[in-house]
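**Student:** One letter stands for each residue in the lines below.
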Amino acid sequence: MAGAAPRPWTDAEESLARRMAGADILSVRQFTADELVTLLDLVARFEGAQRPVLQGKVLAALFFEPSTRTRLSFESAMARLGGACLGFADAGVSSTTKGESLSDTIRMAECYADVIVIRHPREGAARVAADSTGIPIINGGDGSNQHPTQTLLDLYTIRRRCGRLDGLRIGFLGDLKYGRAAHSLIEAVGMLGNQIVLVAPDALKLPAQRVDELRQHKVSFVETGDLDGALPGLDVLYVTRIQQERFGDPLEFQRVRDAYQVDAATLDRGKAGMIVMHPLPRVNEIHPSMDASPQAAYFEQARNGVTVRKAVLALLLGARP
Amino acid sequence: MAGAAPRPWTDAEESLARRMAGADILSVRQFTADELVTLLDLVARFEGAQRPVLQGKVLAALFFEPSTRTRLSFESAMARLGGACLGFADAGVSSTTKGESLSDTIRMAECYADVIVIRHPREGAARVAADSTGIPIINGGDGSNQHPTQTLLDLYTIRRRCGRLDGLRIGFLGDLKYGRAAHSLIEAVGMLGNQIVLVAPDALKLPAQRVDELRQHKVSFVETGDLDGALPGLDVLYVTRIQQERFGDPLEFQRVRDAYQVDAATLDRGKAGMIVMHPLPRVNEIHPSMDASPQAAYFEQARNGVTVRKAVLALLLGARP
Amino acid sequence: MAGAAPRPWTDAEESLARRMAGADILSVRQFTADELVTLLDLVARFEGAQRPVLQGKVLAALFFEPSTRTRLSFESAMARLGGACLGFADAGVSSTTKGESLSDTIRMAECYADVIVIRHPREGAARVAADSTGIPIINGGDGSNQHPTQTLLDLYTIRRRCGRLDGLRIGFLGDLKYGRAAHSLIEAVGMLGNQIVLVAPDALKLPAQRVDELRQHKVSFVETGDLDGALPGLDVLYVTRIQQERFGDPLEFQRVRDAYQVDAATLDRGKAGMIVMHPLPRVNEIHPSMDASPQAAYFEQARNGVTVRKAVLALLLGARP
Chain A
167 MAGAAPRPWT DAEESLARRM AGADILSVRQ FTADELVTLL DLVARFEGAQ RPVLQGKVLA
227 ALFFEPSTRT RLSFESAMAR LGGACLGFAD AGVSSTTKGE SLSDTIRMAE CYADVIVIRH
287 PREGAARVAA DSTGIPIING GDGSNQHPTQ TLLDLYTIRR RCGRLDGLRI GFLGDLKYGR
347 AAHSLIEAVG MLGNQIVLVA PDALKLPAQR VDELRQHKVS FVETGDLDGA LPGLDVLYVT
407 RIQQERFGDP LEFQRVRDAY QVDAATLDRG KAGMIVMHPL PRVNEIHPSM DASPQAAYFE
467 QARNGVTVRK AVLALLLGAR P
Chain X
167 MAGAAPRPWT DAEESLARRM AGADILSVRQ FTADELVTLL DLVARFEGAQ RPVLQGKVLA
227 ALFFEPSTRT RLSFESAMAR LGGACLGFAD AGVSSTTKGE SLSDTIRMAE CYADVIVIRH
287 PREGAARVAA DSTGIPIING GDGSNQHPTQ TLLDLYTIRR RCGRLDGLRI GFLGDLKYGR
347 AAHSLIEAVG MLGNQIVLVA PDALKLPAQR VDELRQHKVS FVETGDLDGA LPGLDVLYVT
407 RIQQERFGDP LEFQRVRDAY QVDAATLDRG KAGMIVMHPL PRVNEIHPSM DASPQAAYFE
467 QARNGVTVRK AVLALLLGAR P
Chain D
167 MAGAAPRPWT DAEESLARRM AGADILSVRQ FTADELVTLL DLVARFEGAQ RPVLQGKVLA
227 ALFFEPSTRT RLSFESAMAR LGGACLGFAD AGVSSTTKGE SLSDTIRMAE CYADVIVIRH
287 PREGAARVAA DSTGIPIING GDGSNQHPTQ TLLDLYTIRR RCGRLDGLRI GFLGDLKYGR
347 AAHSLIEAVG MLGNQIVLVA PDALKLPAQR VDELRQHKVS FVETGDLDGA LPGLDVLYVT
407 RIQQERFGDP LEFQRVRDAY QVDAATLDRG KAGMIVMHPL PRVNEIHPSM DASPQAAYFE
467 QARNGVTVRK AVLALLLGAR P
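Chains as they are written, first to last, in our numbering: chain A, 167 to 487; chain X, 167 to 487; chain D, 167 to 487.
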């Protein structure tokens with residue numbers, strides 16, 4: 167793209183950028199379908215090297231539960247834009263151990279930084295944080311609830327690979343009961359007008375309440391336990407980690423894990439060009455032999471995560487690429 | 167202040183700034199009363215956004231005992247001035263676990279940084295550090311001894327709120343036996359010519375040696391266990407955390423904690439305009455309902471902490487705002 | 167050197183710098199003797215303050231086992247050149263605890279950074295890392311195998327102090343069985359044409375395989391248990407830490423430790439000008455009374471470590487001083 171005249175900003179981009187300056191990012195639900203698409207347009211403007219538009223700005227990364235990937239991704243985004251980062255990588259290092267309330271910790275961080283990303287084991291913690299401060303809060307994952315920058319990078323990757331964000335047939339495989347990344351993405355792609363195929367063992371099916379929500383929003387979806395039956399017609403296969411601790415019986419875990427491992431043979435049985443995604447870290451769900459395939463999109467997801475976070479940080483702080 | 171011609175430097179400021187370049191900050195006792203006032207004048211020059219005068223400079227933050235607040239405050243100060251920060255957040259990560267002496271750790275850090283802040287559980291550790299290196303050492307708290315930048319931010323907050331630093335009536339409430347922040351501030355405000363009211367349960371009274379020192383320095387003070395009796399006439403109420411582990415009997419802890427909790431009703435019984443301070447983190451000593459009151463100064467303390475540390479770092483490194 | 171015209175680059179320097187851009191540093195064995203000398207010439211160009219040639223660049227420091235000294239040294243080098251650093255200080259914070267493979271962790275870090283330094287308890291881990299990514303990998307120590315930047319700083323210190331890197335008589339004292347720093351340096355100084363004197367108790371002698379390698383490469387060396395006998399004629403005495411856990415019998419440990427402690431008296435028995443080195447941290451191997459001696463070179467090693475890492479980071483990233 168170097169040398170090409172930059173695409174002029176659309177009215178929708180201008181308007182969304184203005185509204186995001188100083189705002190919080192707590193959930194993808196705070197955006198309409200149109201806004202999500204516009205936001206991804208804005209993200210695309212942050213691809214590649216950037217001017218240090220966040221020089222002198224500070225991000226407080228408050229990780230009350232460890233998450234190397236999310237934390238480093240935000241730190242990288244900040245560094246790429248010339249800004250600095252401080253905080254803690256797990257709650258043991260924070261003042262919480264002295265009995266400090268979350269709200270007080272946030273008001274402390276507000277004195278040190280311009281924007282805060284918080285990861286917390288408790289659902290709703292990011293909302294409490296946002297209510298405690300006037301500076302922007304980014305939800306970096308609150309319990310089993312939301313992790314909006316993860317959803318944005320997933321959406322961005324789908325659009326980058328498939329060329330569009332609607333009319334796709336998107337399969338979700340693995341742990342659909344506990345997987346936060348899957349829950350949030352299912353909701354978003356449903357809202358954007360895609361067909362959803364939910365592939366999970368009985369023990370790890372999408373919770374009834376979430377199924378009801380899909381019905382209420384008239385999202386087109388099917389549920390199945392059969393991966394092979396589900397494969398034909400999928401444009402995207404989104405795989406999640408199946409954790410042993412979810413199973414009482416180790417043999418049952420073994421059986422499920424083997425039934426749902428994705429490898430080169432899986433690709434052969436699917437549609438040509440179907441992409442495979444995974445929020446990472448993976449363990450056995452995707453065989454490493456698949457990594458070299460152009461259909462593997464999971465490392466690109468990690469890369470897009472930095473682009474998404476650069477965009478979100480810059481927009482919340484009122485900076486432009 | 168933007169647009170206004172900057173206040174010219176006084177001779178006292180020039181002289182103090184010259185003496186601080188390359189020096190250590192180990193204790194507030196190293197400053198005379200006049201110097202403390204001049205230092206706060208210098209701190210005021212570091213309010214708000216700054217030029218990156220510490221670009222290329224490195225702070226080593228060596229925390230042999232965790233202290234999120236102090237560490238992040240120094241990191242933020244360094245970032246705001248364009249500098250970088252490295253170090254460790256608790257002793258478990260340091261070479262101390264391999265049996266290295268403190269002096270050797272400091273001589274190592276001296277190779278990596280331009281200035282060192284050290285937090286250590288042992289009284290006198292900062293002095294040992296200063297004797298081991300030629301680069302400036304900042305005492306970030308050594309055992310129950312000193313934490314000079316905390317005292318400076320407390321003094322700065324009092325002056326900012328009360329308009330002066332002498333002739334005030336300043337109450338200290340809670341744990342006056344173990345609280346380092348209170349000890350150091352009591353000493354400083356006594357030296358500056360203020361009246362002191364010490365309010366503590368019998369088990370947590372100011373140690374006899376410190377009481378003797380107040381007498382020797384002819385500081386005006388009273389001791390009491392009765393908060394309500396002490397309130398009228400106070401310009402400042404400095405509250406400290408009462409820790410359960412100080413009490414053998416949980417019921418006794420409960421009784422003391424409840425007797426000394428500060429809330430909106432406390433404000434009603436005090437002088438109009440009395441400010442309430444706390445070094446934070448707080449647990450139950452100050453009721454959150456008080457946070458919105460203009461009399462609550464504890465979050466401003468945290469904010470002033472960054473300003474104080476910006477000033478101290480810049481002055482020790484010979485930089486000006 | 168300020169004001170002096172900079173020494174023009176030699177063809178050897180130009181050629182080596184070109185080959186190092188984008189390369190990995192996994193072992194000193196990847197350099198010929200001539201290349202090592204040229205590399206140290208390049209390192210010398212990074213002495214003192216530098217332009218921020220790595221601004222906008224990011225180093226990922228992945229420490230799967232803690233090493234304060236190495237980590238802070240790399241962080242300092244990066245900061246001195248204007249770059250940023252992110253990562254983790256021990257494996258407990260990494261995704262490894264979720265079962266992620268090393269290769270996947272590296273491919274994640276590759277999305278966040280321009281260069282990676284890895285410290286890992288497993289021999290060969292740095293090679294696995296290099297095979298997993300296209301960005302430069304620096305081996306920051308892999309088990310008992312290699313730690314090339316440590317060897318480079320040792321060589322740089324010897325040349326700076328002794329004026330040359332060949333024809334010297336270099337003694338190694340202490341734990342020659344497990345000490346990685348010693349192993350790697352013994353190999354390098356042997357290759358460069360120096361005489362080697364190995365001084366160790368029976369329990370901690372250089373492993374037979376390494377002795378064989380010295381013979382194969384026709385390196386001139388002697389083995390002894392007697393420090394006093396070995397001292398005369400040494401230009402360099404390289405001391406290593408003797409760890410109690412290597413001994414079953416505490417009395418035997420005591421005896422060995424006392425026999426090999428280096429102090430002022432040791433200097434008296436050695437050649438005038440013999441320098442004493444140690445990779446640090448030290449415990450009792452070198453008495454602190456020796457620290458002030460001009461013959462003590464161990465803190466200069468730490469300082470040279472930053473210079474070496476500045477050079478390595480800049481060269482791998484294609485930047486010049």
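There may be inaccurate statements among the hints.
Because identical chains cannot be distinguished in the list, a pair is counted as satisfied if it fits within a single copy or across any two copies.
What the hints assert, rightly or not - Calculated cross-link-like contacts (lysine to aspartate or glutamate; reagent style EDC-like; alpha-carbon spacing at most 20 angstroms):
1) Lys264 x Asp424
2) Lys371 x Asp392
3) Lys343 x Glu418
4) Lys384 x Asp434
5) Lys264 x Glu411
Keep in mind that the hints were calculated from the coordinates and are not lab data.
**Student:** Hints first: check each against the structure and report whether it holds.
**Tutor:** Here's how the hints hold up against the structure:
Within a single copy, Lys264 and Asp424 get their C-alpha atoms only as close as 45 angstroms, which misses the 20 angstroms cut-off; across copies the closest is 18 angstroms, which meets it. Proximity of Lys371 to Asp392 under the C-alpha cut-off of 20 angstroms is restricted to the intra-copy arrangement: shortest distance 12 angstroms within a copy versus 61 angstroms between copies. For the identical chains of this complex, Lys343 and Glu418 are intra-copy neighbours only, at 16 angstroms inside a copy versus 47 angstroms across copies, given an alpha-carbon limit of 20 angstroms. In this assembly of identical chains, Lys384 and Asp434 lie within 20 angstroms of each other by CA distance neither inside one copy nor across copies; the values are 32 angstroms within and 57 angstroms between.
Proximity of Lys264 to Glu411 under the C-alpha cut-off of 20 angstroms is restricted to the inter-copy arrangement: shortest distance 12 angstroms between copies versus 31 angstroms within a copy.
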